[in-house]
Amino acid sequence: MGGPYFAGVDVGSATAKAVLVDAAGKLCVHVVVPSGGNLTLAADKVLAAALAQADAVTGDIAALIATGYGRESVAGRTRSVTEITCHAKGAHALYPDARSVIDIGGQDSKAISLDPTGMIRKFEMNDKCAAGTGRFLEVMARTLEVPLDEVGPRALTADRPAKISSTCTVFAESEVISLLAQGETVERILAGLCLAISQRVNSLATRTGMAPRVIMTGGVAKNTGVVRAIEKAIGFPLTVPEEPQIMGALGAALLARADAAK
Amino acid sequence: MANRIGIKVQNKVKEVVFMSLLRGTLAKRKLDQKIAKLAGGKKKSNGVKRIPIKTADKMKLLMGRYYIKAKIAEKDPDQKIAWITSGGPVEILHAAGVTPIYPENHAAMIGTTRMADSLCSVAEDQGYSRDLCSYARSDFGSILSKKSPIGGSPRPDFLVCCNNICGTVTKWYQELQRIFDVPLIMIDAPYQYGDDRPEAIDYVKAQLQEMMDKVGQITGKPIQWSRFEETVYRSKEALQLWRNVQDMLAHRPAPMNSFDTFIHLAPIVTLRGTPECIEYYKTLQAEMQGRIRNGIASVEGEKYRLGWDNLAIWYKIQFLAKKFGEYKAALVVSTYAKSFCYEAPYQDEKDILRTMAANYIAGYINHGLDYRERELLEMAEKFHLDGFVMHSNRSCRAYSFGQYELARRMEEKYGLPTIMIEADQSDTRSWSDEQIGTRIDAFMESLIARKNAAAK
Ligand code: SF4
Chain A
1 MGGPYFAGVD VGSATAKAVL VDAAGKLCVH VVVPSGGNLT LAADKVLAAA
51 LAQADAVTGD IAALIATGYG RESVAGRTRS VTEITCHAKG AHALYPDARS
101 VIDIGGQDSK AISLDPTGMI RKFEMNDKCA AGTGRFLEVM ARTLEVPLDE
151 VGPRALTADR PAKISSTCTV FAESEVISLL AQGETVERIL AGLCLAISQR
201 VNSLATRTGM APRVIMTGGV AKNTGVVRAI EKAIGFPLTV PEEPQIMGAL
251 GAALLARADA AK
Chain B
263 MANRIGIKVQ NKVKEVVFMS LLRGTLAKRK LDQKIAKLAG GKKKSNGVKR
313 IPIKTADKMK LLMGRYYIKA KIAEKDPDQK IAWITSGGPV EILHAAGVTP
363 IYPENHAAMI GTTRMADSLC SVAEDQGYSR DLCSYARSDF GSILSKKSPI
413 GGSPRPDFLV CCNNICGTVT KWYQELQRIF DVPLIMIDAP YQYGDDRPEA
463 IDYVKAQLQE MMDKVGQITG KPIQWSRFEE TVYRSKEALQ LWRNVQDMLA
513 HRPAPMNSFD TFIHLAPIVT LRGTPECIEY YKTLQAEMQG RIRNGIASVE
563 GEKYRLGWDN LAIWYKIQFL AKKFGEYKAA LVVSTYAKSF CYEAPYQDEK
613 DILRTMAANY IAGYINHGLD YRERELLEMA EKFHLDGFVM HSNRSCRAYS
663 FGQYELARRM EEKYGLPTIM IEADQSDTRS WSDEQIGTRI DAFMESLIAR
713 KNAAAK
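So the sequences go chain by chain: A and B. Just so we're aligned: 108 in this note's numbering is position 108 of the first sequence, and the numbers increase by one with no gaps anywhere. Just so we're aligned: 440 in this note's numbering is position 178 of the second sequence, and the numbers increase by one with no gaps anywhere.
Note that these hints are calculated values from the structure, not bench results. Accuracy of the hints is not assured; some may be wrong.
[Stated by the list, open to error] Simulated pairs of lysine-lysine, BS3-like, Cα-Cα distance not exceeding 25 Å: (1) 262/A to 316/B; (2) 713/B to 675/B; (3) 476/B to 337/B; (4) 262/A to 331/B; (5) 337/B to 316/B; (6) 262/A to 675/B; (7) 612/B to 585/B; (8) 483/B to 262/A.
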């Protein structure tokens, strides 16, 4: 297949994502793989997989922008850009009327507000600990012995959320265990966890000033329980793209294309 | 008497020895710098080239001499030492011949030398809350463990606390009083929500008058008015020089940046009121004039200009200077460096004490939000700022409270973007290079994109 392609590689703490767009900016290929322990290796792997899918070789890549937590580990990058800029770019490209982005990834969450042209007005990050992130949900799901993809649907069946006062992964884990011991249902606990995350995100959102349309990106956007809880907390419906995880990589690929056009 | 002369000679010898040791360190540093220069000759360090500020070496000597003199004073029964807050009326102490010691300055050195974590832990182990300001914690830790970057502060004969900077110092100094069992002079400087109130100025003036009497009683010699006046004028001159130096950063490109000013404010804090302080800032001013004449920039190719709010993050000055430098962004003004040279609107040469009282309540952090907003806006205009970097400081509530609101006002009313860096002035335990670095990257990316879009 013919290039040239513009690549975006987003290496996060949990997953690595690669996107290839063509000269017209059309999304051609996207791949998501687990990051594992070695970020450089993950970056190589995800890019190789994307190239294989496109039936292309490294030489077909005109420019590559790396983003995400492991952006400096991506070999062959033209430059690196933060995930904030990339998520904003990706979300705005797909939804030109987007004014806000909420992203919850493996180890951080962020809220971004955009102006009508897609320029970032303000952003807030929660990056001090795993509280209220994908990692937090993973640990809790494991404690409750619930498969990760069932967390959302089961949380939505609860009649009311259990009260979880801490989003600190360590404290919440012991809180969850004690709730279980008190005979609280798994569903209510799951709903309580989703609520706790939404409250945490809401404080970021309030500080940036949310306005519709709000796009939710990142792996946690696949969790319907969290999505509904956030909608309730911020008071706006969320738009979740078909592939919320690749938004950063898509933004990076589009920026690579824009760079080349300069 | 002979004995006294003996002590003096001994002390002189000690001072000479100390100074030569200090010079030795400086010589070694120069050598290190040369080696680094040679090593870095081929490598480009992210394109950020820096021409060091020469006056900094002078400061090392000045501060070294100050601390050694203070240690000598500790041994001399005729000399008195007072510990005082950074915003305290030190002119009264100088006029009385009392050596002032600043626990906050000592704590900043603890922060710079990265001793704060371990010293804070010592204090925490004794029950001081982790929520207490890290300056206070590391100071208590240093007193308790006798560990310090400068071999400890000399013991106080009395304490002077002025709460024009925060409420923390009130409790901090009461605690010091308990530890050392010495007199404490407390100056209560009311918080000003709007314009400085005349009755507040009178209230502080009365306390300053009282302080003069008390200090006279402690030293056994009433303070001579002429000497006091002289000290106040010296202080005023030094403050004006320091203001001039800071104003020179309005020049494009700025001859030095805010991170440099954090280093160069040590003499204004510790030595204002002395001739050495005036000399120091004259030298610095002349060096800056030279740098402007010769087009020497603190950030080569300066493109963006930012303001800084809140205390320095002592253990990350290099990191931050480098990080912003990579984007050709210079921090050119700060509310922090300016903190130490506020002049009140009220000035009356005939009433020095009242003028002094007015100046001591005039500081940035002794004021409410509207005042702070005006200050920031004035800075933005005068220094041609593209945005603000706000250090949301875990330790310093007095300073950090209201920053989110100020950031909102800057953004919404004046279109000035702000980045909030959550950290602590000296306790490194909540810092992460990776995470804060990403925030700064994202902030600079969006700032640059906005500026580019506006230019089109
Ligand atoms: S609370 Fe703030 S003003 Fe008070 S001593 Fe600590 S750093 Fe200084």
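- prompt: Looking back at the numbered hints, which does the structure fail to meet, lowest number first?
  reply: 1, 4, 5, 6, 7 and 8
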